[in-house]
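According to this note's numbering, the first sequence is numbered sequentially starting from 2.
None of these hints come from the bench; they were simulated from the model.
It cannot be assumed that every hint is accurate.
Said to hold, decoys possible - BS3-like, lysine-lysine: derived pairs with alpha carbons at most 30 angstroms apart: (1) K241 / K488; (2) K241 / K581; (3) K231 / K391; (4) K416 / K311; (5) K244 / K256; (6) K256 / K241; (7) K625 / K611; (8) K244 / K455; (9) K264 / K231; (10) K613 / K625; (11) K455 / K439; (12) K455 / K391; (13) K548 / K613; (14) K184 / K96; (15) K256 / K488; (16) K256 / K311; (17) K425 / K495; (18) K394 / K244; (19) K548 / K581; (20) K455 / K167; (21) K425 / K244; (22) K416 / K262; (23) K115 / K264; (24) K231 / K481; (25) K184 / K157; (26) K231 / K569; (27) K75 / K206; (28) K167 / K548; (29) K569 / K262; (30) K231 / K244; (31) K400 / K262; (32) K569 / K206.
Keep in mind that this is a model prediction, so the values were computed, not measured.
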Amino acid sequence: MQEDRKSLDDRQKLTDLERIRHSCAHVLATAILRLWPEAQFAAGPPVENGFYYDVELRHRIAPEDFPAIEAEMKAEIKANHVFEKRIVTRAQAIKDSESGRLGGLSERPGNPSKFKLGNLEAIPEGEPISYYQNGDFIDLCAGPHVLRTGNIGAFKLTHVASAYYKGDERNPQLQRIYGTAFKTRKELDDHFAMLEEARRRDHRKIGAELGLFTIDPDYTGPGLPLWLPKGGAILEELEKLAKETEFAAGYVRVKTPHLAKEKMYQTSGHLPYYAESMFPPMELAEGGESLKRESAQAGSITQRGNDSTKYYLKAMNCPHHHRIFAAEPRSYRDLPLRLAEYGTCYRYEQSGELFGLMRVRSLNMNDAHLYCAPEQFAAEFNAVNEMYLKYFKIFGIEKYVMRFSTSAPEGLGRKYVNEPALWKQTEDMVRGVLVDAKINFVEVPNEAAFYGPKIDVQVWSVIGREFTLATNQVDFAVPKRFGLVYKDRDNVEKTPLCIHRAPLGTHERFIGFLIEHYAGNFPLWLAPDQVRVLTIGDDPALVSYAKGIVQELRASLVRADGDFGTDKINGKIQRAELAKVHTMLVIGPRDLAANAVSLRVHGQGNLGAKPKGAVIEDLLAAIKERRA
RNA sequence: GCCAGUUUAGCUCAGUGGUAGAGCAACGGUUUUGUAAACCGUCGGUCGUCGGUUCAAAUCCGACAACUGGCUCCA
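Based on the sequences and whatever the hints tell you, model everything.
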């Protein structure tokens, strides 16, 4: 996109590391040309963790080609060529593109540098056009680069992907070769160690190992996770936390159906703009006739008739809550009205976008809608933010950014509802709350929702993976579309503001995040297996004592079980440790005699024998306090 | 959706045209145990699905499906 093009000023701000990576991209192109002189190059920028270069080439580059390419790259680095900058005229650049010289090692008659030609067209008149040359390789490039190829530290090619020229699917598809580079070998090694740790913590891997959830593409469908009992335990703990927190904050809970008539989403404005992201409608006749399955094989339930009605699975809860607001006349005395629900929504994400629990088609949202008068807005919004911070503290989320997305004047009436005064008012209020609360935020113009400004919460797990977890939006448009009003003090009907908020996001994404955040080692209150009692041997007296402990814990709603079999104690401990059971109580004859338990905590090892009563008391307290 | 890769037992994987394998898990038995795996045995697979080539296909070819990595950060 033209408007996203980096300005020359921005380019001069490239960090040293970005210069190294961008330079390494040129070296990559040089190496590919040594092996395949006909290759045509498009773009080769530095990116977050490295760099890439897009290349058009008949030969399909595979990881098996990497050693040969890397060897050529090393030779180019060893040659220590200078990155020479030259300003040229547009005419000269066009001529060099047509001869195939640009993005090549020499002129290539009959093989013009077509992508470079396209790139040239994107450079505005009046902006200088520059070449960078290392050895024989000349590239159209604004720079900046390191001084010499020898200044590139340690690098490695990582993977191949495909990408459309200029990101547009109507353009030719190119091979994108990714690599990464660092100043030193050690930094490169650390980077790969971090990636390895990320793979180890992958929520899909740990989720399967611990039996938290499963995805069954054949029967249930892709993107529709099934929560297994152990994942269900985490889910219930989160809901309990949300219910307690919201109750204390004056929310009321509601429950709404999973589907609604077409009219609902026409009124909300989500149809037709959001239709692509919704599951296709179910069509059926009014009047209570039984459903006729016209095409059972295709799985659709259809009844065509003159008065047929379409039902849609809900992609969001807000319209349902709006109808609850509308269900009875509202007075200013009813406000703020805070409707909360763990609502299940369905979104038809494209097949290629599905990703474990992070991107799914059925999602349980920690949703709530707060209806308030404008003068109540700041206090309500502030309270929502405080709730976010409270949650971050419980989960030990230290690194986060709130992305405050605002409107842009040129989008009013098109991308955004045409209410300039309300936009200014709500944006000022939100900004004021963020500043007063000293919250870490960045303001992003021209990214608001069509009905109001929004805040997306981005968090980083301990391994540095970024997640957009939660969202918090102001809505001053949709309540109007639904005709929602309250009777104010002055006996005038007014439209309330609505705050959409979901501090815990969805169960799917939040639990996915927590799995990676904790590497599956959940704190006691969240752990699917909180306590396991292990007997040394299966002597009946021991087993009876151990069973009593399990029963006592379960009576206090602790997820406790026992391993009373004939396996050796080492085997029982190994199994419990691999299952990441939080607390293990080992019971042998010595413990039975002393009315004690031997305490072992996952990750902490054997903590020795302690009085039974004290251990149970402390477990209950730790769970109640949601101790980290 | 598009491009590429992958798909063999519940899990992790071996098997490149000639009788489908291992470890773990599960199940049965033996073992009576003090802090990360006791021992023996048994069960378990239309090699993702469908079609083609071949005397013969997990293996070669094609289609489809699912999964994984990308497709935004642009000379």
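Against the structure, the hints:
1. K241 / K488: violated, 35 angstroms
2. K241 / K581: holds, 22 angstroms
3. K231 / K391: holds, 25 angstroms
4. K416 / K311: holds, 27 angstroms
5. K244 / K256: holds, 13 angstroms
6. K256 / K241: Within the cut-off at roughly 16 angstroms; holds.
7. K625 / K611: Distance of about 21 angstroms is within 30 angstroms: holds.
8. K244 / K455: holds, 24 angstroms
9. K264 / K231: Given that 30 angstroms is the threshold and the Cα spacing comes to 39 angstroms, the pair is violated.
10. K613 / K625: This hinted pair holds, its Cα atoms lying about 19 angstroms apart.
11. K455 / K439: holds, 18 angstroms
12. K455 / K391: holds, 20 angstroms
13. K548 / K613: holds, 13 angstroms
14. K184 / K96: Answer violated: K184 to K96 is near 37 angstroms, above 30 angstroms.
15. K256 / K488: holds, 26 angstroms
16. K256 / K311: holds, 22 angstroms
17. K425 / K495: holds, 19 angstroms
18. K394 / K244: holds, 17 angstroms
19. K548 / K581: Between K548 and K581 the Cα gap is close to 21 angstroms, so the pair holds against 30 angstroms.
20. K455 / K167: OK: K455 and K167 at ~29 angstroms, within 30 angstroms.
21. K425 / K244: violated, 33 angstroms
22. K416 / K262: holds, 26 angstroms
23. K115 / K264: This hinted pair is violated, its Cα atoms lying about 50 angstroms apart.
24. K231 / K481: Given that 30 angstroms is the threshold and the Cα spacing comes to 43 angstroms, the pair is violated.
25. K184 / K157: With Cα atoms ~12 angstroms apart, K184 and K157 stay inside 30 angstroms; holds.
26. K231 / K569: holds, 26 angstroms
27. K75 / K206: This hinted pair is violated, its Cα atoms lying about 36 angstroms apart.
28. K167 / K548: Roughly 66 angstroms separates the two Cα atoms, so the pair is violated.
29. K569 / K262: With a Cα-Cα distance of about 60 angstroms, the restraint between K569 and K262 is violated, given a limit of 30 angstroms.
30. K231 / K244: holds, 20 angstroms
31. K400 / K262: Roughly 42 angstroms separates the two Cα atoms, so the pair is violated.
32. K569 / K206: holds, 28 angstroms
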